[in-house]
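Novice: Work out the full structure: start from the sequences and follow the hints.
Number of protein chains: 4
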Amino acid sequence: MKNVAVFGAGRIGRIHAANLAALPGVTLKYVCDPMGDAAAQLAAQLGAQVSTPEAVFADAGIDVVAIAAPTDAHSDLITRAAQSGKHIFCEKPIDLSVARAQACAEAVRAAGVACMMGFQRRFDPTFNEAKERLARGDIGKPEMLVVTSRDPGAPPAHYLKGSGGIFRDMLIHDFDIFRWILCADGDEAEWLAATGSCLVDPEIATVGDIDSAVVTLRTRQGRLAQINASRRAAYGYDQRFEILCSNGMLQCGNHRPSEVVQSDAAGVHADKPEHFFLQRYREAYRLELAHFFETLQSGGAFRTTIEDGVAAQKLADAASESLASGQAVRL
Amino acid sequence: MKNVAVFGAGRIGRIHAANLAALPGVTLKYVCDPMGDAAAQLAAQLGAQVSTPEAVFADAGIDVVAIAAPTDAHSDLITRAAQSGKHIFCEKPIDLSVARAQACAEAVRAAGVACMMGFQRRFDPTFNEAKERLARGDIGKPEMLVVTSRDPGAPPAHYLKGSGGIFRDMLIHDFDIFRWILCADGDEAEWLAATGSCLVDPEIATVGDIDSAVVTLRTRQGRLAQINASRRAAYGYDQRFEILCSNGMLQCGNHRPSEVVQSDAAGVHADKPEHFFLQRYREAYRLELAHFFETLQSGGAFRTTIEDGVAAQKLADAASESLASGQAVRL
Amino acid sequence: MKNVAVFGAGRIGRIHAANLAALPGVTLKYVCDPMGDAAAQLAAQLGAQVSTPEAVFADAGIDVVAIAAPTDAHSDLITRAAQSGKHIFCEKPIDLSVARAQACAEAVRAAGVACMMGFQRRFDPTFNEAKERLARGDIGKPEMLVVTSRDPGAPPAHYLKGSGGIFRDMLIHDFDIFRWILCADGDEAEWLAATGSCLVDPEIATVGDIDSAVVTLRTRQGRLAQINASRRAAYGYDQRFEILCSNGMLQCGNHRPSEVVQSDAAGVHADKPEHFFLQRYREAYRLELAHFFETLQSGGAFRTTIEDGVAAQKLADAASESLASGQAVRL
Amino acid sequence: MKNVAVFGAGRIGRIHAANLAALPGVTLKYVCDPMGDAAAQLAAQLGAQVSTPEAVFADAGIDVVAIAAPTDAHSDLITRAAQSGKHIFCEKPIDLSVARAQACAEAVRAAGVACMMGFQRRFDPTFNEAKERLARGDIGKPEMLVVTSRDPGAPPAHYLKGSGGIFRDMLIHDFDIFRWILCADGDEAEWLAATGSCLVDPEIATVGDIDSAVVTLRTRQGRLAQINASRRAAYGYDQRFEILCSNGMLQCGNHRPSEVVQSDAAGVHADKPEHFFLQRYREAYRLELAHFFETLQSGGAFRTTIEDGVAAQKLADAASESLASGQAVRL
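Chains as they are written, first to last, in full-length UniProt numbering: chain A, 1 to 331; chain B, 1 to 331; chain C, 1 to 331; chain D, 1 to 331.
Bear in mind the hints are in silico, worked out from the structure with no lab data behind them.
Because the structure is a prediction, the values reported are computed rather than measured.
Possibly wrong hints are sitting among the right ones.
If several chains are the same, the list does not tell them apart, and a pair holds so long as it fits within one copy or across any two.
[Claimed, not checked] With a Cα cut of at most 20 angstroms, we get these calculated EDC-like pairs of lysine to aspartate or glutamate:
hint: 1; residue 1: LYS314; residue 2: GLU188
hint: 2; residue 1: LYS141; residue 2: ASP201
hint: 3; residue 1: LYS141; residue 2: ASP264
hint: 4; residue 1: LYS141; residue 2: ASP151
hint: 5; residue 1: LYS141; residue 2: GLU203
hint: 6; residue 1: LYS2; residue 2: ASP185
hint: 7; residue 1: LYS92; residue 2: ASP138
Specialist: What follows is the structure in structure tokens.
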């Protein structure tokens, strides 16, 4: 039995807490959140107790911490958890600063604890099925990747102020998909060009960010990738990628709430994609935590390591730099 | 908090038991099965105890029984549960004899207990979405229904010996779909013609059954329905229906394990449908029990009543009669 | 070079005439129609001349007649064409009376002329692709066929007065599909049950017809078929069939004007099917005449013979009888 | 009646010649090709005569020339045709040199003749349907375009030697799609970054070309576009684009030879896309010539002008420059 504390009782913290509480062999002991009410409500709902980071780190009975706190708290919590000998599951990103992210990775290595990043897309049943076919070589060698990543709607501009910009806040997941799908054999990006605009909400420009972005990458082996991202898709959360290989192509489509198709005088209509990440990745969130504890038990390798987290952030930094300079970046 | 006992620790009993154990406000107290080992294993896994029908019916602390025992035990368990004042959730069918099924319905009414039939397809997210659009009148009045119902493979012929034949064993669900979708306003079948063959496994003919069946129904209001069913679809569990209405059509498609589409030299390939009922109706099984307890709480009407169970069995009887006589049946 | 006369300058006659005029090795010589203006206009447009049946049959330079006249003129034209030694392409049906249709077939045999029926669906690229896969045994032996056949809208009731009823007028094509797809090895229907209603337009009942029909067939080998047909599909011309075989299923979908898929706040929308038979079967109409002349040249067998025409009409008669009696028909 | 001469009796010349011969109001008079046999065979087949450019330009009875000769002959033929007062339909590209292409455009303007470029994709029924919905504003303002452009297989490397490179030879069509779809209101590209690799056939690198290419563009109004192209798609000719707009998305899918869907133990299989451009754009080739003569008659504006040809080539030049320098290009 593993005892766990969750940091963060917000939207994503509640998801993780509920999944932890339902996992066999796992006991959710503590919920920590500066917003005491949120922590208390979540703890009560799941039979856990409210606590503080200090108490958690001091409690020898806690094996694992799950970090779903605001981004700017991540690096401190990771470092202290590592120093306390706790294993760590942490939401992306590690930190908006690559230097601090690398320091976290070093602290984890030094402490010899396990640390897995919450790149939940790697656990999505559709994405993972594609990954397995690639790994088996079902359709030959990968050559070209196209990633589509669109949110259903833009958050208010002020919410994006401390986000680090669209590449660090939103495309970080897409950079991870790029590495997972196109660089599985140790290949890495060597050339990147990014650009973008404010097409959805002009307010977003006033906080120095963009809402529509495109990135092109070329790897050392010459593989090519394109990412297109927007803060708004009127038809819902659009999460697709397709990979051209030497013997064919794999396309990962969106998931729909139902398989009803309606035909009427206006056309033939299928459901929109599932609304947003909580719906689309509901199963992925469950599976990533199951994988975390299974891997902790078996001693195997995590599907998403803290090094993956650092690597994705370096790409996000390079994209930010390319956007600013108007030039390509050599990595 | 409702206390529940489950009868039956077989394939479907285990599904229901696990769903019951996970429902908030419900405590799974007992598991009963003449196969003691199965009962013990399931009870241990879910924190329940092994018991017997006698003990369950005598235990005033039990509010609800969930019947997932073999078909020939259903009517006795329903009757005794009703007489003991327990609310009842029962897998289809009530009984292979319509007379005994009606007697069960009377026992339930006499006792004033609640009884819901496990027609889980009414809780499938796709089928239910279609039902809701019909109820809202999104595409006008229903006129014609086509139901496709195919298992991935035929069971051994000897297994079908006591099944009551394909209409009672397999199409009972499709008859329920027919009534749910096409007869929502109180309409009922008035004409039925059925036929069929042994095309999959000639052994099935030796036990007096068929493996491929087609049924046509016409309602009092002139609506039309066709059901086609087979014990074998090489591509997996095929569960679809489409309904033509005055202003359009709704088609309910199969669910797939993933949304990966592979294009290669041989074609463009999507996943097969989910393998069988445990996969396809996993969510439906969960939702039907949640509905049962919510409705018990709220005092509202169940989506599937014991009367629905009797009505579906009457149609199965009529289809069996039509197959035997080679003639249409007027209901 | 084959010289051809067309009888009928209506909707379907114009289609055939234009296709004939464009066929290499074929000269459209004459257009005949009691509506002189229609004939003159069509002839002028295609560089042909107006004529009369008498003159055509007397003209030794005419090799082929294409009959697209009203149904009640078919049998007389076929018989006279055969007696004049002309090869015949004739629109379905041969005649509303099976006895007269059989007499036509005998006249054709006696004269030793070639005669092909215009069951154009057998030339539809999608349907024909399915047929070829069946013939190759790609997915094993055929077991069960489901045919969907729906017009975009019902004609005025008075137009249906002399049509012979929905089974002879509309489902004749579907009966031919049934024989072509399910009876390719010489199998034939041995049991049929049909029913139907007036759900679209109550006026149609006043002329003794129905607008919604369902038919079930079982062949001597036990194969099963269901046809569902309606005079109205609000979403356009719906022409599909699916065939379950021992190793899988083939589904023939509708054709669309474009492959645009629109996603918006209301859903994900594809085009409606092509509007009606002139659009959906445009290519099939062209291909069936090409096949006619190629086969005439090569001396091979037509894909659709006058015997196919008689056989389809017998099924239409049986369905009409079943509808009237409320009973199944043994063939 | 317009009299036409065709230059070029190769693959695309034969397509255009056959379409010209079938157009009402158009007479195909001459076929010119240095390969005399090819010209003679094509002329004979379509009832035309063999000729030479000199004779054609000197023949006052010729109204229109259709240029389907090798690329390096285009600019000379355009210039001489213009000087002879012939209207011009010309296959892309005008010339591999933008300077010469601009000189052609000036010659055309100076002569006051009509000149249309053969960007046939603008006439594809699917692409054109998308264009019309954009023009009507059905889904708001365009923001982001993703173009997928993949050939079924790479030509031999030596064939690509004089092609001008993948951007001028293959992506020229995609640059035109970009301008047509994303710049309809006069917007133009202002920033472009391209890269690519030899992933399909290393021989192609030896002639200084690549076989896999990606391009990113940003317009003056901030709209974004990505093009991905490969000389090889194992599943056939892949010609798609999707456009994200403020109120939704339009996706243009591939066309298939049939609408058969096969389900079997291996999956659910649809047809591959139509094999290559002769199949996919068969209808587009027909429609573009019909448009040319209708527009010539009506005096309206061509859908694809020689200026469009120049503009697409400038983008191809910029992409070639970006590939070579590894840097973005400001236009």
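Novice: All hints, please: hold or fail.
Specialist: Hints, verified against the model:
| no. | hint | in the structure |
| --- | --- | --- |
| 1 | LYS314 x GLU188 | within (11 angstroms within a copy, 32 angstroms between copies) |
| 2 | LYS141 x ASP201 | between (40 angstroms within a copy, 13 angstroms between copies) |
| 3 | LYS141 x ASP264 | between (43 angstroms within a copy, 13 angstroms between copies) |
| 4 | LYS141 x ASP151 | between (30 angstroms within a copy, 17 angstroms between copies) |
| 5 | LYS141 x GLU203 | between (43 angstroms within a copy, 18 angstroms between copies) |
| 6 | LYS2 x ASP185 | neither (33 angstroms within a copy, 54 angstroms between copies) |
| 7 | LYS92 x ASP138 | neither (31 angstroms within a copy, 38 angstroms between copies) |
Violated hints, in rising order: 6, 7; the structure is consistent with all others.
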